[in-house]
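Could you build all of it, start to finish, from the sequences and the hints given here?
Read top to bottom, the protein sequences are chains B and R. Numbered continuously in this note's numbering, the first sequence closes out at residue 308. Numbered continuously in this note's numbering, the second sequence closes out at residue 156.
Just so you know, these hints were derived from the structure itself, not from any lab. As the structure is a computational prediction, the values presented were derived from the model and not from experiment. Check the hints yourself; a few may be wrong.
[To be verified] Calculated Cβ distances over 12 Å to all of chain R for the following chain B residues:
| no. | residue |
| --- | --- |
| 1 | 29 |
| 2 | 32 |
| 3 | 105 |
| 4 | 115 |
| 5 | 137 |
| 6 | 159 |
| 7 | 174 |
| 8 | 198 |
| 9 | 242 |
| 10 | 244 |
| 11 | 275 |
| 12 | 294 |
| 13 | 299 |
[Claimed, not checked] Here are the computed lysine to aspartate or glutamate pairs in the EDC-like style, where the Cα-Cα straight-line distance is at most 20 Å:
| no. | chain 1 | residue 1 | chain 2 | residue 2 |
| --- | --- | --- | --- | --- |
| 14 | B | 30 | B | 79 |
| 15 | B | 252 | B | 264 |
| 16 | R | 52 | B | 56 |
| 17 | R | 66 | B | 46 |
| 18 | B | 71 | B | 160 |
| 19 | B | 28 | R | 11 |
| 20 | R | 65 | B | 46 |
| 21 | B | 30 | R | 11 |
| 22 | R | 66 | B | 53 |
| 23 | R | 52 | B | 53 |
| 24 | R | 52 | B | 57 |
| 25 | R | 52 | R | 37 |
| 26 | R | 65 | B | 40 |
| 27 | B | 100 | B | 170 |
All C-beta atoms in this analysis are idealised placements derived from N, C-alpha and C, irrespective of residue type, glycine included.
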Amino acid sequence: MADDLSILIPDPIAAVTPLSEEELILLKVKLWQLLGQMTERYTMGDSSSVPVETAEELFNSVCFTLSICLKANVCSLNDLINNDNLLQLLKAGQAEIEKKIAYARSLLLKVIGTSPKVDNISYYQTINGITAFFKRYDYRFMAHAIPADIDYQLCQPVADRFLGIEYIIDYLQRLLVENQFINCFDNKRVKLLLLGYCPDYQGLLINLYDPVATNAIGLALCGKNIFLLDISAADRWTIMGIFAGLNKQDVKIKLTEAAQNVCEQIGITNAFAQSYLQQAAIDLAPRIMTALSVGDLSHIFISLPIEV
Amino acid sequence: MDGDFALALADMQKKQAMAELRECNEFTVRFGLYLTEQQIFELTERRFAALKDTGRVEFGPGILKKLLMAFCSSPYVTQENYQDIILELQDSFYYFKNESMEQISDDELIEFMRKRFDGVCQGSLEYLSNTSLEELCRNTRYGYDIDETDRYGRPF
Numbered sequence: 001m002a003d004d005l006s007i008l009i010p011d012p013i014a015a016v017t018p019l020s021e022e023e024l025i026l027l028k029v030k031l032w033q034l035l036g037q038m039t040e041r042y043t044m045g046d047s048s049s050v051p052v053e054t055a056e057e058l059f060n061s062v063c064f065t066l067s068i069c070l071k072a073n074v075c076s077l078n079d080l081i082n083n084d085n086l087l088q089l090l091k092a093g094q095a096e097i098e099k100k101i102a103y104a105r106s107l108l109l110k111v112i113g114t115s116p117k118v119d120n121i122s123y124y125q126t127i128n129g130i131t132a133f134f135k136r137y138d139y140r141f142m143a144h145a146i147p148a149d150i151d152y153q154l155c156q157p158v159a160d161r162f163l164g165i166e167y168i169i170d171y172l173q174r175l176l177v178e179n180q181f182i183n184c185f186d187n188k189r190v191k192l193l194l195l196g197y198c199p200d201y202q203g204l205l206i207n208l209y210d211p212v213a214t215n216a217i218g219l220a221l222c223g224k225n226i227f228l229l230d231i232s233a234a235d236r237w238t239i240m241g242i243f244a245g246l247n248k249q250d251v252k253i254k255l256t257e258a259a260q261n262v263c264e265q266i267g268i269t270n271a272f273a274q275s276y277l278q279q280a281a282i283d284l285a286p287r288i289m290t291a292l293s294v295g296d297l298s299h300i301f302i303s304l305p306i307e308v
Numbered sequence: 001m002d003g004d005f006a007l008a009l010a011d012m013q014k015k016q017a018m019a020e021l022r023e024c025n026e027f028t029v030r031f032g033l034y035l036t037e038q039q040i041f042e043l044t045e046r047r048f049a050a051l052k053d054t055g056r057v058e059f060g061p062g063i064l065k066k067l068l069m070a071f072c073s074s075p076y077v078t079q080e081n082y083q084d085i086i087l088e089l090q091d092s093f094y095y096f097k098n099e100s101m102e103q104i105s106d107d108e109l110i111e112f113m114r115k116r117f118d119g120v121c122q123g124s125l126e127y128l129s130n131t132s133l134e135e136l137c138r139n140t141r142y143g144y145d146i147d148e149t150d151r152y153g154r155p156f
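Encoded structure:
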């Protein structure tokens with residue numbers, strides 16, 4: 001348990017500032033002592049021993065909190081090794097986490113304010129789940145945990161390396177980007193598109209951003225009005241013609257250019273939002289290559305079911 | 001090197017635990033109970049084995065001192081069975097900490113063990129483990145009260 005310091009020192013940091021064996025051992029001894037102090041606080045002095053699983057969770061929480069310190073430049077790796085009182089650094093890390101919690105709350109309000117006016121059970125249950133997270137999150141003892149029911153699938157999921165409040169912040173940032181993109185289009189057309197994408201879009205675990213972004217990119221490829229969100233059979237033939245004979249790399253380049261075009265048309269200037277759409281475009285490439293081989297793009301670029 | 005680190009840490013904890021048990025002798029000797037160096041060593045070794053068997057981690061000196069101080073005045077503990085009883089109590093303690101799902105504190109559990117050991121168990125560790133402690137942990141898990149009386153309604 002005390003051997004795994006990957007939460008405290010992830011690979012990028014370890015690569016830049018590798019520790020010697022002696023420094024690693026010294027750090028582990030200090031972390032073990034800190035773990036003992038945290039365990040005593042956790043049990044309020046009632047138990048001298050805890051299950052291994054509990055100790056592991058407390059250890060991961062300590063490492064996560066100290067890693068927040070490192071990332072915020074409140075302390076350096078050398079400070080961790082040389083400082084006799086890691087408890088002070090832990091408290092500094094907890095103060096940083098408190099700031100992140102406040103930021104996450106403000107992000108959640110923005111997400112709620114920009115929620116697409118589309119009924120989707122998993123979306124709203126996830127918003128409720130994240131709201132409940134702030135009541136359940138115990139940043140003193142389980143800072144790395146994510147006590148939230150998050151069912152709504154993002155177009156670009158949060159990376160596995162994120163834990164605790166960092167996961168929630170990253171998730172909300174991505175969700176905000178998706179919401180702001182969807183809100184650029186007429187709500188009626190978005191609902192029709194979703195109906196064409198998945199008849200039970202209200203009840204199933206689908207991502208609302210993906211079909212909207214895909215059709216916008218498809219229309220940009222055809223040189224048509226992206227705000228219509230409707231791709232006809234003729235448009236699909238046009239897109240097939242554009243991609244015909246191209247290898248996967250060239251398909252990705254075309255898709256990236258189309259995504260940039262969409263960003264310009266909508267007026268997306270935020271770098272994260274731009275890269276989010278570009279990545280969504282690039283992720284279409286394998287599906288497009290497969291669809292091209294069978295000559296059918298209808299499951300990727302959707303036609304609206306009713307003429308608007 | 002990581003294995004050496006764990007061993008060095010365990011070694012440090014063992015020395016600390018053994019020193020504490022030696023200090024306990026000064027108190028328990030008035031009850032005619034005394035642990036030899038070999039017995040202290042065996043008790044300490046058994047502590048780590050018991051922790052490992054029950055999947056628990058302990059920081060600090062451990063529970064042995066509290067057990068010794070709680071049971072040294074028991075009429076059922078003699079110099080002949082002193083080490084064996086403490087070994088058995090230690091194993092039971094860690095096992096039933098798990099069974100109680102951490103809902104009973106160390107002091108509460110030891111107090112209960114001592115009370116029952118001297119009372120209804122009449123010095124039987126088997127009765128203590130298989131009946132009294134099982135009942136305590138089951139009732140704790142389900143939220144029931146513990147029956148502190150015998151069949152005639154008299155308290156233990």
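Results of checking the hints against the structure:
1. 29: Nearest chain R Cβ is 7 Å from residue 29 of chain B, so the label is violated.
2. 32: violated (7 Å)
3. 105: About 32 Å separates residue 105 of chain B from the closest Cβ of chain R, which puts it past 12 Å; holds.
4. 115: holds (40 Å)
5. 137: holds (21 Å)
6. 159: holds (28 Å)
7. 174: holds (37 Å)
8. 198: holds (44 Å)
9. 242: holds (56 Å)
10. 244: Consistent with the label, residue 244 of chain B stays out of reach of chain R, its closest Cβ about 57 Å off (over 12 Å).
11. 275: holds (40 Å)
12. 294: At about 53 Å from chain R, residue 294 of chain B clears the 12 Å cut-off, so the statement holds.
13. 299: holds (50 Å)
14. B:30 <-> B:79: holds (12 Å)
15. B:252 <-> B:264: Since the Cα atoms of residue 252 of chain B and residue 264 of chain B sit roughly 18 Å apart, the hinted pair holds (cutoff 20 Å).
16. R:52 <-> B:56: holds (15 Å)
17. R:66 <-> B:46: holds (13 Å)
18. B:71 <-> B:160: Status holds; Cα separation ~17 Å.
19. B:28 <-> R:11: holds (16 Å)
20. R:65 <-> B:46: It holds: about 15 Å lies between the C-alpha atoms, which stays within 20 Å.
21. B:30 <-> R:11: holds (16 Å)
22. R:66 <-> B:53: violated (25 Å)
23. R:52 <-> B:53: holds (13 Å)
24. R:52 <-> B:57: Given pair residue 52 of chain R, residue 57 of chain B holds - Cα atoms ~18 Å apart, limit 20 Å.
25. R:52 <-> R:37: Violated, at roughly 23 Å.
26. R:65 <-> B:40: holds (17 Å)
27. B:100 <-> B:170: The hint holds at about 11 Å.
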